[in-house]
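**Student:** Here's the letter readout for the chains.
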Amino acid sequence: MSTNLSSIRHVRGFDIVKPLSVTVMIAVMLPLILLPLASIFIFGTSNGLASFWAALTAPEAIFALKLSMVTSFWATAFNVLFGLFAAYVLSRYSFWGRNAIIVTISLPTAIPTAVAGFALLLLWGPYGTLGRLLDPQGIHLMFTAWAIILANIFVTFPLAFGVIKPVFDTMSHSLEEASATMGASRWQTFWHVTLPSLRGAIVSGALLTFARAVGEFGSTILVSGNLASRTQTAPLYIFAKFNEGHVEAANAIAIVLALFSFVIFSILFFARDWLEAD
Amino acid sequence: MDIHITPLDFGKAAVTILGLSKSFGETRVLQNINFSVDEDEIVVLLGASGSGKTTILRIICGLELPDTGKIILHNRDVTNLPPRERGTGVIFQSYALFPKMSVEQNIAYGLKIRRTARKEIKETVNRLLELVHLEEHRKKYPSQLSGGQQQRVAIARALAYNPEVLLFDEPFGALDAQIRATLRREIRALLKEIKVPSIFITHDQEEALELGDRVAVLNSGRLEQIGTPFEVYNNPETEYVASFLGSANILDGRIEGGKFVSSDVSIDIDPEEKIRDGESAKLVFRPEDLFLRKPENLTQKYQKLVDGTIEEVSFIGAFERVIVKMNLPEHPTFVVTRPKTETAAFPLKAGQQVTAGVVRFRILRDPAAVANTKMNKGRNAAA
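Top line first, the protein sequences correspond to chains F and A.
Positions 5 to 282 (the numbering used here) are the ones given, in order, by the first sequence.
Positions 79 to 461 (the numbering used here) are the ones given, in order, by the second sequence.
Mixed in with the good hints, there may be bad ones.
Think about it this way: if two alpha-carbon atoms lie no more than 25 Å apart in a straight line, the pair counts; the simulated SDA-like pairs of lysine to any residue are [claimed, not checked]:
id: 1; chain 1: A; residue 1: K190; chain 2: F; residue 2: E180
id: 2; chain 1: A; residue 1: K178; chain 2: F; residue 2: W78
id: 3; chain 1: A; residue 1: K178; chain 2: F; residue 2: F194
id: 4; chain 1: A; residue 1: K178; chain 2: F; residue 2: W191
id: 5; chain 1: A; residue 1: K372; chain 2: A; residue 2: K352
id: 6; chain 1: A; residue 1: K218; chain 2: F; residue 2: R203
id: 7; chain 1: A; residue 1: K379; chain 2: A; residue 2: F369
id: 8; chain 1: A; residue 1: K200; chain 2: F; residue 2: P200
id: 9; chain 1: A; residue 1: K178; chain 2: A; residue 2: K218
id: 10; chain 1: A; residue 1: K382; chain 2: A; residue 2: F439
id: 11; chain 1: A; residue 1: K218; chain 2: F; residue 2: G166
id: 12; chain 1: A; residue 1: K190; chain 2: F; residue 2: T193
id: 13; chain 1: A; residue 1: K360; chain 2: A; residue 2: F308
id: 14; chain 1: A; residue 1: K148; chain 2: F; residue 2: E181
id: 15; chain 1: A; residue 1: K270; chain 2: A; residue 2: E117
id: 16; chain 1: A; residue 1: K178; chain 2: F; residue 2: T174
id: 17; chain 1: A; residue 1: K190; chain 2: F; residue 2: S189
id: 18; chain 1: A; residue 1: K218; chain 2: F; residue 2: T198
id: 19; chain 1: A; residue 1: K178; chain 2: F; residue 2: G166
id: 20; chain 1: A; residue 1: K178; chain 2: F; residue 2: E252
id: 21; chain 1: A; residue 1: K217; chain 2: F; residue 2: E181
id: 22; chain 1: A; residue 1: K200; chain 2: F; residue 2: H196
id: 23; chain 1: A; residue 1: K337; chain 2: A; residue 2: L406
id: 24; chain 1: A; residue 1: K337; chain 2: A; residue 2: T306
id: 25; chain 1: A; residue 1: K190; chain 2: F; residue 2: F273
id: 26; chain 1: A; residue 1: K197; chain 2: F; residue 2: G166
Far from chain F, by Cβ distances over 12 Å, these chain A residues were calculated [stated by the list, open to error]:
id: 27; residue: E104
id: 28; residue: T157
id: 29; residue: E163
id: 30; residue: Q183
id: 31; residue: K190
id: 32; residue: A238
id: 33; residue: H281
id: 34; residue: E315
id: 35; residue: K360
id: 36; residue: Y380
id: 37; residue: F424
id: 38; residue: G435
Think of the hints as simulated: they come from the structure by calculation, not from any bench.
Don't be surprised by glycine CBs; every beta carbon is placed ideally from N, CA and C.
Chain A with its partners taken away, still in its complex shape (with noise of 0.2 Å):
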């Protein structure tokens, strides 16, 4: 298999990432990955486990060597250095700090190991600490401190000989939902006062989302789409990205005149999708974006999906959740959430008869389709 390589501008970029990939005996967890992280820019890789996603960090790090690609930190390659010889700082899942040294000595050690004048060293973790807002704590051993106080010592010990990226493996990983929110929010603020690149790995949408400046989905070893949380959560690229961040309702169908059309369902298309008619297609979703209204009502700020029936009704907290069983071949139920003002103007209840409609939807083509029109290209292109 030839390695498509991106160029990519490595001037501006901390860490590029080039055609990587890997295998681990017969298990390809790797296929021709490329992105790159700019200086400040917070990078979230989300996937599901087994995704690679933390082979990926580890081969930043060093712990792991790629098959094929090139790892380039600030215009130097990595590839075939040890993790020694990186400078990268890395966060564990489980923080491992070290149990037998105090907060300080933990943060000092990188230091110490390069062997800084002792005065350097007591300066820099001085401020360190008081970043990371652990000053009293500075004698205490990892054992005598809370998660979140971990978590901050093993940044600060990342920090304190300037590394060339910060790599988070599942940082939040093992903290509870509350606390995962206020640090989430706390390291995004502290990242971005430091300006350091960093890349997290996570398996949660939400904490993607909110972390990344840039998000990268990853799928059994492939990265799927990369972008801001903004454009992969509203425009994915892929199913798998639609699905995989958020729900989203799926329907088959393909494209007539400018239409998506899949049996009686006829959606109008924005021209600007170059799809050509006869093309098989999907209509993707979200819960959000769907709005059920009596038959008679559907006004028309709303594209007419489909007829349905309420199959179930549920309060989740700050909406209400409604399963509607479409009246399309094979039945399919699509889910919508509602917010508050909807269920007061609207109340819905089980076996009522309903019309969907639509505001905001992509239409993603087959991926079949997609290869062949780039395979033409290229040809065009060598011709």
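Bound-form chain F, shown alone (with noise of 0.2 Å):
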């Protein structure tokens, strides 16, 4: 990745510009970004690692993170599957409205995560338009993890869709067309030869979402009603101990889930020349 671009010589000897520049872009980012990051260590593990031990270990916080890397997966698992059919439908036919589709498909990316959970409380919500129906049935969808689940594909549906359908777009129909010729069904072509070119766009994607997923919190905060050991993701445990003044509760958590963060994009970042590759 890191590739050395040589860069054009301005002046005659030695170039000040270069570590100026390099010690400007360190000095911004620094309050910033690094700081704030290692804050978190530093205090997380200030009272000694037992401490912190502690924390992290208690039933509430093994809860919230279990629930949040649950909801995620299936969240996620949802995404990338449906990411998949929808990008082959939305690249591979054309009909009236795909465009329009397109766009819509996109949005959750640009709306605010409270407007979204908003959005769902209307919908599904003991008093929404279809919630409403549903109520008298018995079926409770908000204020559950069902509520979160539906947050969080809502709100990262774009991510896995937006990474396959670009490469269902550029992919070479003559694959697909050798093969037909060569006797595979659609099945049969769609396994064998569509899929693997896919491998890299699917495990980013999924990797994407996961990550988003995971974090979210604006959304999950309005619909899963925040209850402590029932429907509380890692996100409103920080929070919610925080507010009750559990600064070290609340950084326990706070650093696993910044360590989860580095080390899903370690692998993007890392693993980028063997996804993308052909």
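Given two chains presented individually in distinct reference frames, assemble the corresponding complex, making use of the accompanying hints.
**Tutor:** This is the structure:
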């Protein structure tokens, strides 16, 4: 990745601009990005590792982390599979209103997450457009783990779709045509020819979706009800503990979430060559 | 418009194309195409881009549906079958090898799809790898192969499932000139060895003449002429064929008393040519069939065409190319190519006065007149 582009020489002899610009860049990033990240680790472990470990293994904390992982997993599974299907349909078939759908499908990235959560409440809540009909049947979606999954699906849908669709668009048609002339059915062609070319896009789409879903706060806090050990995800736990004044408890989970994101983005960054390899 | 269908002997032909027409929206891409390909025969569809040659290929393998007409593969009407039920082997322009599969897996694909026994797949793959000389590359991926090697994988991959016909879509387009010439000889030898009927499409006339047992020349969706390379080159039936296959000099005129006449030019024509007096016609001759001499030196070997002035003499490798301005109304220029023996015996330079003699030529009748005769024939037959 770090290919060194030789820059143009602008002056004779030593160029002061290079070390100067690197210093300025780091100086600006330090208080804005690097120090906040570092503080999580400095404060989280300031009372010793034992108390950090105790905060981390508190039942409520474990539950919140688990709930985040499980809901994010299902949201990711759905968004990758359905995103793949939607990308296939939207790049292989042309029909009336196709472009309108492509634009709408990408919209959730631009909508504030609180608005997304609110919208879900208005649809599925006890007095919502559809929720009103389900409520008498005893089906309650909002303020359950289902609500968290729905919110995650809504907010992260464009991510996997957005990574997979361009690959479909730019994929050479002649591969699929070759497969068909060689005797393959539509499904065989998809499985043996199309899907292997999408491997990189699927993996990076899934990682992005999962990372985003695990950290989702704005929509979850509205639809989950934020009930400790019932519908409280890890980001909500951090918020709740901080509000209660348990900074250390909040901090322990914050460290876990920060490390988790760090790992996922390292994979994305360093595995890019593998993911994009043909 | 009524479709004229030529009766063909399906029994002998591996591929029969009957009255094929196709339009994309308002554009007519193909108009009543008829031809057939025999077992072990190589037919080359030659045409400029937009002539419809690719569309014919795509219709044969089922990637495109014709508006009218039929495709018969070994006595089986496949016109309405999807590509996978036709059993054609297509070698795409960019080869379309599956990038995530090794050479072996690419070749085995068609058999795997047909649920062939593993042992048989292995045997076939080994046999084909040997045939195309890629044994030591079997584990490689397409991106690790040269263009020529990729092409051989594409052919082996199509041969694996005993295709009804091999279809080559401009297979040498992506390669440089020297490799093209070598590969084309290799592939022709290979196809003659395995005896699979093949259709090539190309816009390169040299390629067409060298590869094909027969060459079909297409022009804006019409089949102008089909014949052996010798026939289409030496006896072009239309002006388009004459000028598309090699370069041709063309002179407008008419037939008078068994001669082709155009102002001062008067050329004796073969009495076999059944052209009536007064009919307009074109005299067509190749640059290599025109000879330039000093006016007094023209021998009996050549029919005198006309005098002219040398405009340009240029060296183009094996030949010398001379451009002559003729002493005719509108002063047309003719192109002459002269081999080394000629240039040594009769050196020429620009500005020199010469007489042009022609040894071999062809008379093309006015298409309108030809159509008229055909219609009259039809009427007589009906009566």
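**Student:** Of all the hints numbered above, which does this structure not satisfy? Sort the numbers upward.
**Tutor:** Those not satisfied are hints 2, 5, 11, 20, 24, 25, 26, 29, 30, 31 and 32.
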